[in-house]
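Asks: What follows is each chain in one-letter form.
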Amino acid sequence: MPTARFLGIQLRKLAGGTELSLEGDTVGKLLEALIAKAGPEMEHLLFSEGGLSRDARILKNGRNIGLLDALATPLEQRDTVTVYFFGSRSYPGG
Amino acid sequence: MLKGWTGTLLRVDLTNGNIEREAVREDWARDFAGGRGIAARYLSEEVDARVDPLAPANSIIFATGPLTGTNSSTGARYMVVTKGPLTNCMTTSNSGGLWGPELKFAGYDLLILEGRSPAPVYLWIHDEAVELRSAEHLWGKGVFETEDRVKEETGFPDTRVTTIGPAGENLVKYAAIVNDKFRAAGRSGVGAVMGSKNLKAIAVRGTGAVEVADPAGLMQAQWAQKHALTQAPLTSEGLPGYGTLALMNVVNEHGALPTRNFQQAQFEGAEEISGERLVETRLQTNKACFACTIACGRVSKVSEEGQGRYTLNTSPRNWREATEGPEYENAWSLGADCGIDDLDLILKANTLCNDLGLDPITLGATIAAAMELYEDGVLTDKEVGMPLPFGSGEALIALTEKTASREGFGDLLAEGSKRMGDALGRPDVFMGVKGQEFPAYDPRAIQGMGLGYATSNRGACHLRAYTISAEMLGVGDAEGPESPVGKGELAAAFQNVSTAVDATGLCLFLTFGVGLDEIAPLMAAATGHPYTPAELELAGERIWNLERVWNMQAGITAADDTLPKRMLEQPIPAGPTKGQTSRLAEMLPDYYAARGWSEDGHPSQEKLRALGLG
Numbered sequence: 001m002p003t004a005r006f007l008g009i010q011l012r013k014l015a016g017g018t019e020l021s022l023e024g025d026t027v028g029k030l031l032e033a034l035i036a037k038a039g040p041e042m043e044h045l046l047f048s049e050g051g052l053s054r055d056a057r058i059l060k061n062g063r064n065i066g067l068l069d070a071l072a073t074p075l076e077q078r079d080t081v082t083v084y085f086f087g088s089r090s091y092p093g094g
Numbered sequence: 095m096l097k098g099w100t101g102t103l104l105r106v107d108l109t110n111g112n113i114e115r116e117a118v119r120e121d122w123a124r125d126f127a128g129g130r131g132i133a134a135r136y137l138s139e140e141v142d143a144r145v146d147p148l149a150p151a152n153s154i155i156f157a158t159g160p161l162t163g164t165n166s167s168t169g170a171r172y173m174v175v176t177k178g179p180l181t182n183c184m185t186t187s188n189s190g191g192l193w194g195p196e197l198k199f200a201g202y203d204l205l206i207l208e209g210r211s212p213a214p215v216y217l218w219i220h221d222e223a224v225e226l227r228s229a230e231h232l233w234g235k236g237v238f239e240t241e242d243r244v245k246e247e248t249g250f251p252d253t254r255v256t257t258i259g260p261a262g263e264n265l266v267k268y269a270a271i272v273n274d275k276f277r278a279a280g281r282s283g284v285g286a287v288m289g290s291k292n293l294k295a296i297a298v299r300g301t302g303a304v305e306v307a308d309p310a311g312l313m314q315a316q317w318a319q320k321h322a323l324t325q326a327p328l329t330s331e332g333l334p335g336y337g338t339l340a341l342m343n344v345v346n347e348h349g350a351l352p353t354r355n356f357q358q359a360q361f362e363g364a365e366e367i368s369g370e371r372l373v374e375t376r377l378q379t380n381k382a383c384f385a386c387t388i389a390c391g392r393v394s395k396v397s398e399e400g401q402g403r404y405t406l407n408t409s410p411r412n413w414r415e416a417t418e419g420p421e422y423e424n425a426w427s428l429g430a431d432c433g434i435d436d437l438d439l440i441l442k443a444n445t446l447c448n449d450l451g452l453d454p455i456t457l458g459a460t461i462a463a464a465m466e467l468y469e470d471g472v473l474t475d476k477e478v479g480m481p482l483p484f485g486s487g488e489a490l491i492a493l494t495e496k497t498a499s500r501e502g503f504g505d506l507l508a509e510g511s512k513r514m515g516d517a518l519g520r521p522d523v524f525m526g527v528k529g530q531e532f533p534a535y536d537p538r539a540i541q542g543m544g545l546g547y548a549t550s551n552r553g554a555c556h557l558r559a560y561t562i563s564a565e566m567l568g569v570g571d572a573e574g575p576e577s578p579v580g581k582g583e584l585a586a587a588f589q590n591v592s593t594a595v596d597a598t599g600l601c602l603f604l605t606f607g608v609g610l611d612e613i614a615p616l617m618a619a620a621t622g623h624p625y626t627p628a629e630l631e632l633a634g635e636r637i638w639n640l641e642r643v644w645n646m647q648a649g650i651t652a653a654d655d656t657l658p659k660r661m662l663e664q665p666i667p668a669g670p671t672k673g674q675t676s677r678l679a680e681m682l683p684d685y686y687a688a689r690g691w692s693e694d695g696h697p698s699q700e701k702l703r704a705l706g707l708g
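Chains as they are written, first to last, in this note's numbering: chain A, 1 to 94; chain B, 95 to 708.
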């Protein structure tokens, strides 16, 4: 099964650990499995207005899925999906 | 004079002790927006670009912006501008805390310090009363003790002090200037310039206030700014909760965390030195600079297990055994880059850097380069005085102290990794640009960052074009981090905006929540000049070009806009970014074109005229 890794204490508490093995042949399916396990608060964090929250960042093997096929990004057994939140609103950063 | 400015600069000739007040040039204040800009303008006017950075003919300028000392969130910043001994470029090194606002309250926008004092002194500014005092008794003291003693001597506990430590006195090429004990103008060796002038510290107490043009308008703009900051998770939760150290796991997951002197791009010990681990085991509270509503500062202490191993000698009256930090950059340079995953040890080394007055980024990177040389057999126990493998915390602590005092092998480390590599016949171990070491993002993994490093006016720096937001974190519609497409324009735009923000007196971290659309109304209400976002961005471009022209007069050429061979030719060996190298050659022409510069990196006369610099 693919492995989901979580960054940030709140996310880890909700997920019940730093890493979880979850079913799913796409990133979207894996997140569904995560929500089924972690509950509605996880869904509230990850999704808003019918899509991924704009502050949620999902990586497949280190690559932002926004640069791949978003939630339809396919997964294989040894893939790692990293989930974290990064709410930058503006441009240059620091 | 524009409001938001006091209209007065203080000029101190340290050679003869003359202290004079001058009116700040209003046209420069308007066109260069604030601290970083106007200080660059004064430096370029008054100092020959070919000057030896540590000679009396170099000046060092401390400059605030119009929003420094106002209630605008993060309005705490001041900029140190001089020719840096690490890079031989104009350096612009920025700090927060409480010192910058205090200078404004005392009635000054800028300090211009010239010459060299015949004996160690410190400058004491108490509103209109300004004097040079002997610092003979402070020479050799650390930052923490110096600040405490200067406060006692001035008689006011709320005196604000910025000072150098032994590293600055000993002309370590990357000595920092530290204010409020833990906030630093850290990079490029500004502390060595201060040390070369025999100037130990600048103490300030001000009882005035910053007069603004439209108080009601400023308050309204501040409410909008602060509201926006509460709406952005990074400025309302991420930075207050984890500090910049939140980035450790994030950058590692992306395969962009330089490890063991950039030999790898993922660190197996990242979790141990992450923001999550700091919060779980060592964080006491967070802390804010003046007027800041983000409060990313960390107050930390060593873990229970580390109590017997590491003692933090900070200021017992204030923090007992606690210290501040570490920032992400410092935890990386003293940690992953040296192969060290002990957060207690990093806290200890980081605290030493603050007390001794060292830039932890260059220090850690230089020790990491020495570790590579040790493992390659170029350096032995005999030269170093101890074993120096990657992962050696004992060596990190010992060499930090020896570097500040230039004792033994520390004398070579004090020159930075470029000069050290050159001296040992291994220039390839230098990981940086224009003599200054990279910060904590591998430029092979994030193409735009590599371009930003290569073209930075002060040598490798993450704060001049933080394209991470756009490339790695998916803000906006930039191409992904592995692509060179569009990065020339992206880096130039980021540099202009970041430079403008620096000039205002605000902190760059603000821009995780707001942009120039929110900052322009603050500047307009404070100064009375109707700044627009476009005018501020233009000011940023003007400052950038001025710095570039001065650097070229100093001898910098397009050949210096480059990256080390390892970044250009040696692929990342493993992880998500495996196989990537920097594609700088594809990006650089686009960058020069986006800037309106010639193919060899010269700002064109047409461009300079358009910016009012021709």
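Hints were generated in silico from the structure; no laboratory data involved.
Incorrect hints may have been included.
To be verified - Calculated Cβ distances over 12 Å to all of chain A for the following chain B residues: (1) Trp233; (2) Asp308; (3) Pro309; (4) Gly335; (5) Glu370; (6) Arg371; (7) Ala382; (8) Ser563; (9) Glu565; (10) Asp571; (11) Glu700.
Claimed, not checked - Partial chain B-side listing against chain A, Cβ under 10 Å, derived: (12) Glu374; (13) Gln378; (14) Glu573; (15) Glu576; (16) Pro578.
Unchecked claim - Partial list, derived from the structure: chain B residues whose beta carbon lies under 10 Å from chain A: (17) Leu226; (18) Ala326; (19) Gly332; (20) Ala350; (21) Gln358; (22) Val579; (23) Pro670.
Ideal Cβ positions, reconstructed from N, Cα and C, are used throughout, including at glycine.
Asks: None of the hints should be skipped; say for each whether it holds.
Replies: Tested hints:
Consistency note on B:Trp233: stated as away from chain A, and its beta-carbon is indeed over 12 Å from all of that chain's, at 34 Å minimum. No beta-carbon of chain A is positioned within 12 Å of the beta-carbon of B:Asp308; the least distance is around 24 Å. Distance to chain A confirms B:Pro309 as a non-interface residue, since its nearest Cβ pair spans about 26 Å, more than 12 Å. For B:Gly335, the non-interface assignment is contradicted: its Cβ lies about 8 Å from the closest Cβ of chain A, within the 12 Å cut-off.
Not every C-beta of chain A lies more than 12 Å from that of B:Glu370, the closest at about 6 Å, which undercuts listing it as non-interface. For B:Arg371, the requirement that its beta carbon stay farther than 12 Å from each beta carbon of chain A is not met, with the minimum near 10 Å. Its beta-carbon lying about 15 Å from the closest one in chain A, B:Ala382 satisfies the requirement of being farther than 12 Å from that chain. Under the 12 Å C-beta cut-off, the non-interface status given to B:Ser563 relative to chain A is violated; the minimum distance is some 4 Å.
A cut-off of 12 Å between C-beta atoms contradicts the statement that B:Glu565 is not in contact with chain A; the least separation is 9 Å. Not every Cβ of chain A is farther than 12 Å from the Cβ of B:Asp571; the closest lies at roughly 10 Å, contradicting the non-interface assignment. The beta carbon of B:Glu700 is kept farther than 12 Å from every beta carbon of chain A, the shortest such distance being approximately 27 Å. Taken as an interface hint, B:Glu374 checks out: its beta carbon lies about 7 Å from the nearest beta carbon of chain A, inside 10 Å.
For B:Gln378, the interface hint is violated, since its Cβ never comes within 10 Å of a Cβ in chain A; the closest pair sits about 16 Å apart. A hinted interface residue such as B:Glu573 counts as satisfied when its beta carbon comes closer than 10 Å to some beta carbon of chain A; here the least separation is about 8 Å, so the hint holds. Interface restraint check for B:Glu576: the shortest CB-CB distance to chain A comes to about 9 Å, inside 10 Å, so the restraint holds. Nearest Cβ of chain A to the Cβ of B:Pro578: about 15 Å, over the 10 Å cut. The hint is violated.
Annotation: B:Leu226 was flagged as interfacial toward chain A, and the flag is violated, the nearest CB pair being 35 Å apart, outside 10 Å. Among the interface hints, the one on B:Ala326 holds; its C-beta lies about 4 Å from the nearest C-beta in chain A, closer than the 10 Å criterion. Using the Cβ-Cβ criterion of 10 Å, the hint placing B:Gly332 at the interface with chain A is satisfied: the shortest such distance is roughly 6 Å. At about 9 Å, the closest approach between the beta carbon of B:Ala350 and any beta carbon in chain A falls short of 10 Å, and the interface hint on this residue holds.
Because the beta carbon of B:Gln358 sits about 13 Å from the nearest beta carbon in chain A, more than 10 Å, this interface hint is broken. Checking B:Val579 against chain A: minimum C-beta separation of about 12 Å lies over 10 Å; hint violated. Nearest Cβ of chain A to the Cβ of B:Pro670: about 2 Å, under the 10 Å cut. The hint holds.
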